[in-house]
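S.K.: Sequences listed follow chains E and G, in order.
Residue numbering for the first sequence is 179 to 438, as defined by the working numbering.
Residue numbering for the second sequence is 511 to 659, as defined by the working numbering.
Honestly, the hints are just simulated from the structure, not real lab data.
The beta-carbon is built from N, C-alpha and C at its ideal position, and this holds for glycine as well.
Be aware that one or more of the hints could be misleading.
Dumping the calculated SDA-like pairs for lysine to any residue here, alpha-carbon to alpha-carbon at most 25 Å [as the list claims (entries may be wrong)]: (1) G/K547 - G/L640; (2) G/K542 - E/L193; (3) E/K232 - E/K391; (4) G/K644 - G/Q556; (5) E/K232 - G/R590; (6) G/K542 - G/Q556; (7) G/K542 - E/I189; (8) G/K547 - G/L643; (9) G/K547 - E/F188; (10) E/K431 - E/R271; (11) E/K180 - G/E635; (12) G/K548 - G/V568; (13) E/K356 - G/V623; (14) G/K547 - G/V612; (15) E/K431 - G/R590; (16) E/K356 - G/Q625; (17) G/K596 - E/T228; (18) G/K547 - E/A335; (19) G/K542 - G/T616.
Facing chain E, a subset of chain G residues (Cβ under 8 Å, in silico) [what the hints assert, rightly or not]: (20) I576; (21) V601; (22) V612; (23) S626.
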Amino acid sequence: MKCFALFAVFITGGLLLFGTADFPEQGDPHSPPNAGIPGDGVSISHYYLTQTEKDTHVPNVVTAVLADYRGYDTLFETVVIFAAGMAIFAILRVSGEPRKRHRPITDSSINGDHRRIIIGTTCRLLIPVIQLFALYVVAHGHHSPGGGFQGGVILGASFILFALANNLTAALQRFSEKTFMNLACLGILIYAGFGIFCQFLEHNFLDYGVLQKIFHTADPQMARSHSMLGVEIGVAFTVTAIMFAIYANLSSKGELDNGL
Amino acid sequence: MSDFFLNIIRPDFNFWIYVILMMIGLWAVIAKRNLIKKLIGLSIFQTAIILFYVSLGVKEGATIPIVEHHSGPGHPLEERTIDPEKYANPVPHVLMLTAIVVGVSTLGVALAVAQSLFNDFGTLEEDEILARLKMDPELNRRSNSSTHV
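Chain E on its own, in the form it takes in the complex:
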């Protein structure tokens, strides 16, 4: 099996490298991905770079493309994360009679256990800062690299850090299963809600410009900017909840009693 694998890998690698010989030079601003094919009109990346600030008043082109120009794609990307969380729930989560206990429940009190002084104190100092930074990343997605996915992952990671430092039971007391399942659904509802609300106002799905009437902004471009923030908040909710849900289900084999 290993010989066949080596053979297949070398053949595939050789063919791929043979293909890269025809590539344009690395870093060329006029290569087809960057500048389009001559005679074909304005390339899509040129359009995004030059028109984003005029269309949406958002300097971060990546966030604008993700949340506004290609917002439909991002909506279903969020649904994919949600579906992954549901799939893990469906595969692993047990209920009904508990299986026989394999491991004793560890003591989760920080004060009582001397081994946890260093970890407990460090986490108690770090976790609020991490969560604040996560909220900053979500809120500043318009002006600096960031957005819903990045901030959501950091926020989810802060809960995972708490669960790793203390017991999973202690983390679930603060962020229970009902809470994170509801939060995941709420995130997608917010995102789809923005889109359907635009439809109620007789425009296309996710056509944010019409929300100018609701937000009372000066022009439709600012309405698009605000809607992008709202939509990114929805994404952050879902990503946070599902990151922690994945960790909780995987580390406790679905029982959600005793983590790593």
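Based on the hints, put chain G in the right spot on chain E.
M.R.: The following block gives chain G in isolation, referenced to the frame of chain E:
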């Protein structure tokens, strides 16, 4: 020999690195017997593809695709011209954000399936699982229809 290095590898040595990473991942998926090692190989493969795509959007001397903005009066937006050559191509970044997120989701589901397999068979080695399935074909039907909830 040095001619080969200077003319063929050096101009696009980053593509060589991505292809080598991809092939390491592919080899791990095919050749390793442990299921978790196969999953790690899949993750390496995916990371190499993401790196490759993002490298396609690089422009020499360009900065990140966040347009310089000056707020306040005196800087009307319509008069400013943005030179696209000063900013990196944003489209690969956007596509790869989606790819990373989908990759993490599928990795999570794959790990859950691996855990479920371990619960049913007691091992994560591919050949042992296949042997146990051959010995006891009932196991496949039982483990497929077992419900947890």
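S.K.: None of the hints should be skipped; say for each whether it holds.
M.R.: Verification of the hints:
The straight-line distance between the Cα atoms of G/K547 and G/L640 is roughly 17 Å, inside the 25 Å bound, and the hint therefore holds. As the CA atoms of G/K542 and E/L193 are separated by approximately 23 Å, the hinted pair is consistent with the 25 Å bound. Between E/K232 and E/K391 the CA atoms are separated by roughly 19 Å; this keeps the pair inside 25 Å, and the hint holds. Restraint check: the Cα-Cα separation between G/K644 and G/Q556 comes to about 33 Å, which exceeds 25 Å; the hinted pair is violated.
Proposed proximity of E/K232 and G/R590 is supported: the alpha carbons are some 10 Å apart, at most 25 Å. For a cut-off of 25 Å, the pair hint linking G/K542 to G/Q556 stands: about 17 Å separates their Cα positions. Between G/K542 and E/I189 the CA atoms are separated by roughly 19 Å; this keeps the pair inside 25 Å, and the hint holds. Our distance criterion of 25 Å between C-alpha atoms is met by G/K547 and G/L643, whose separation comes to about 21 Å.
Distance hint between G/K547 and E/F188 is fulfilled; the C-alpha atoms sit about 20 Å from each other, no more than 25 Å. For a cut-off of 25 Å, the pair hint linking E/K431 to E/R271 stands: about 7 Å separates their Cα positions. Among the hinted pairs, E/K180 with G/E635 is consistent with the structure: their alpha-carbon atoms are about 15 Å apart, no more than 25 Å. For the hint linking G/K548 to G/V568, the alpha-carbon distance of about 31 Å lies beyond 25 Å, and the restraint is violated.
A C-alpha spacing of about 23 Å is found between E/K356 and G/V623, which places the hinted pair at or below 25 Å, so the restraint holds. Straight-line distance between C-alpha atoms of G/K547 and G/V612 comes to about 20 Å, which keeps the hinted pair within the 25 Å bound. Taken as a hint, the E/K431 and G/R590 pair is broken in the structure, with Cα atoms around 57 Å apart against an allowance of 25 Å. At roughly 23 Å between alpha-carbon atoms, E/K356 and G/Q625 fall within 25 Å of each other, so this suggested pair holds.
Restraint check: the Cα-Cα separation between G/K596 and E/T228 comes to about 11 Å, which is no more than 25 Å; the hinted pair holds. Under the criterion of a C-alpha separation no larger than 25 Å, the hint pairing G/K547 with E/A335 is consistent with the structure, at around 24 Å. Our distance criterion of 25 Å between C-alpha atoms is met by G/K542 and G/T616, whose separation comes to about 20 Å. For G/I576, the interface hint holds, since its Cβ comes within 8 Å of a Cβ in chain E; the closest pair sits about 5 Å apart.
Taking 8 Å as the C-beta contact cut-off toward chain E, the hint placing G/V601 at the interface holds, the least distance being around 5 Å. The interface hint given for G/V612 is met, as the beta carbon of that residue sits about 6 Å from the closest beta carbon of chain E, less than 8 Å. Because the smallest distance between the Cβ of G/S626 and any Cβ of chain E comes to about 5 Å, under 8 Å, the interface hint for this residue holds.
The structure shown violates the earlier hints numbered 4, 12 and 15.
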